[in-house]
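*Asks:* As given, the protein sequences belong to chains V and H, one line each in that order. With the working numbering applied, the first sequence covers 1 to 283. With the working numbering applied, the second sequence covers 1001 to 1293.
Note that these hints are calculated values from the structure, not bench results. A portion of the hints provided could be inaccurate.
[Said to hold, decoys possible] Using 30 Å as the maximum straight-line C-alpha spacing, the simulated BS3-like pairs for lysine-lysine come out as follows:
1. K1101/H to K272/V
2. K1185/H to K1098/H
3. K1098/H to K142/V
[Unchecked claim] Computed, partial: chain V to chain H, Cβ under 10 Å:
4. M55
5. L56
6. Y59
7. I96
8. G183
9. F206
10. I211
11. N215
12. P263
If you're wondering where the values come from, they're calculated on a predicted model, not measured in any experiment. The C-beta atom is built at its ideal place from N, Cα and C for all residues, glycine as well.
Chain by chain, the residues:
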Amino acid sequence: MVERQTFASRFVPHFVLIIGVCIVAFPVYLALLASTYDAASVQTGNMTLLPGGQMLENYSRIIFSGTSSSTREPVGTMLLNSLVMALCVSLGKISISLISAYAIVFFRFPFRMTAFWLIFITLMLPVEVRIYPTYKIVADLKLLDTYAGLTIPLIASATATLLFRQFFMTVPGELVEASKIDGAGPFKFFKDTLLPLSVTTIAALFVIQFIYGWNQYLWPLLITTRDNMQTVVIGIKKMITTQDALTEWQLAMATAVLALLPPVVVVVVMQKLFVKGLVETEK
Amino acid sequence: MDRRVMFGGKLLPYTLLLPQFAIVVVFFYLPAGQAVWQSFLLQDAFGISTEFVWFENYRELFANPEYYRTMGTTAVFSVLVAFLSLACGLLLAVMADKQIKGAAIYKTMLIWPYAVAPAVAGVLWLFMFQPSLGMLAKVLRGWGVDWNPLLNGTHAMVLVVLAATWKQISYNFLFFLAGLAAIPKSVIEAAAIDGARPMRRFWTIIFPLLSPTAFFLLVVNIVYVFFDTFGIIDSVTGGGPAGNTVTMVFKVYYDGKLGSDLGGSAAQSVVLMVIVIALTAIQFRFVERKVQY
């Protein structure tokens, strides 16, 4: 910048950003703290801003045996359910969108644009506007309390198909021509040329969809009735009872930390892919 | 899209489309159609007979003061969350866009809340402001505020707004940062040479150039508040106290869950569908305009 840096112009940004970072981090820090205290200290609000000594006890208890009052399911099982759900949703979405976008961009066939629009319109039908009819269909198919019922209704997504379509359209036609001359059919072109080109797009989409799958709330709330099918996001809500005396807050906070850790780690470790995925799926 | 070299094949493209189509038809079109159909039906109390009643459910819905209250709550909630999270996101982005040391670290430290599930975010904020044991609730009491979100509707609203804003700041921050990076530095330098002070440069140059980003984010934030905050409300207040934090999506869930009013719940779903379609249309019109720039 052409201007001389003054004392204020140099320190104000740091000051604002540090306050921002602290406010953003504080709720999680407090949860982390509470998960290291015993029940009595948390219940009476006698926590300090330094960790207590019960961390290992709280976490091992919650992971392997669960809370004693509300939901008795060990959080270990819930974490596993969440992981299965996040992986099935993200990988499922990627595979079906990849091949449908391939068909729409690289093949000439009747009703191609109709197919595109039929997928596109589903953008306007989020789960929330069709919850009970969808629930009924899943119930009729006997898919309640199964991983299939939990994930399949969520894996159709116009966003992923649109993203792949957009990317495929930037692939030069000469590549298709070259493969054709080499005698490659549609399968070989897809496997040897298109997939290797799409790796970054797939990875970026995976990061976004993993978070989306892990964080689902309304759908698993409806579809799971058995405690051992609960995801961790549902489990934690059930630990917060309305009668406060029954809420084991130190365990609930340990669960909250466990519930937010996997997606947060994914975002921080794969930050570049995350940003790419976020910006591109919103276009 | 049509000039490129393509593959032929009679059956193959349809086979490739089949998985997505099967899911879309079974889990999107069928239930959405049923929601529309159901909104024209009236079921008796025992669920034995149903009657086609035309727009009776809608008439009842729009004659119900409760529904207008829900709309009002949703509007207040949306406006507050959108305004607060856009303002905070913009402030932080402007600061992080300056050439300062550690900008990358600040960025990492500010974007992670995006990954926290809404329901979990709600629980974190509830813990801080829980009237009997929350650390910040104690501070508020020390200041003489009779803080109790479990009994006071306004306090409950403040709490869900804070939790929803907290989660959304990172998203807005990221998009504003990208928007700022796209503004050519030469334009800003030219203004600086002309003697415009930083505040003036921000309001006369940077802010107008960011307005497409801001408008896009406004629409995205409204969609977020409408649909993704269900988890926050369910975990923090459960719609209470006395229905003070019931949003439109929460009401669809709640009315249908009791099973008593499937027709009314379906009519509400259709109203929501119309709102999503309108928002999506606005978003796409805007995207088109941006492309022409």
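*Asks:* Against each hint, give a clear statement of whether it holds in the structure.
*Replies:* Hint check results:
no.	hint	result
1	K1101/H to K272/V	holds (19 Å)
2	K1185/H to K1098/H	holds (11 Å)
3	K1098/H to K142/V	violated (56 Å)
4	M55	violated (17 Å)
5	L56	violated (21 Å)
6	Y59	violated (16 Å)
7	I96	holds (4 Å)
8	G183	violated (13 Å)
9	F206	violated (14 Å)
10	I211	holds (5 Å)
11	N215	holds (4 Å)
12	P263	holds (4 Å)
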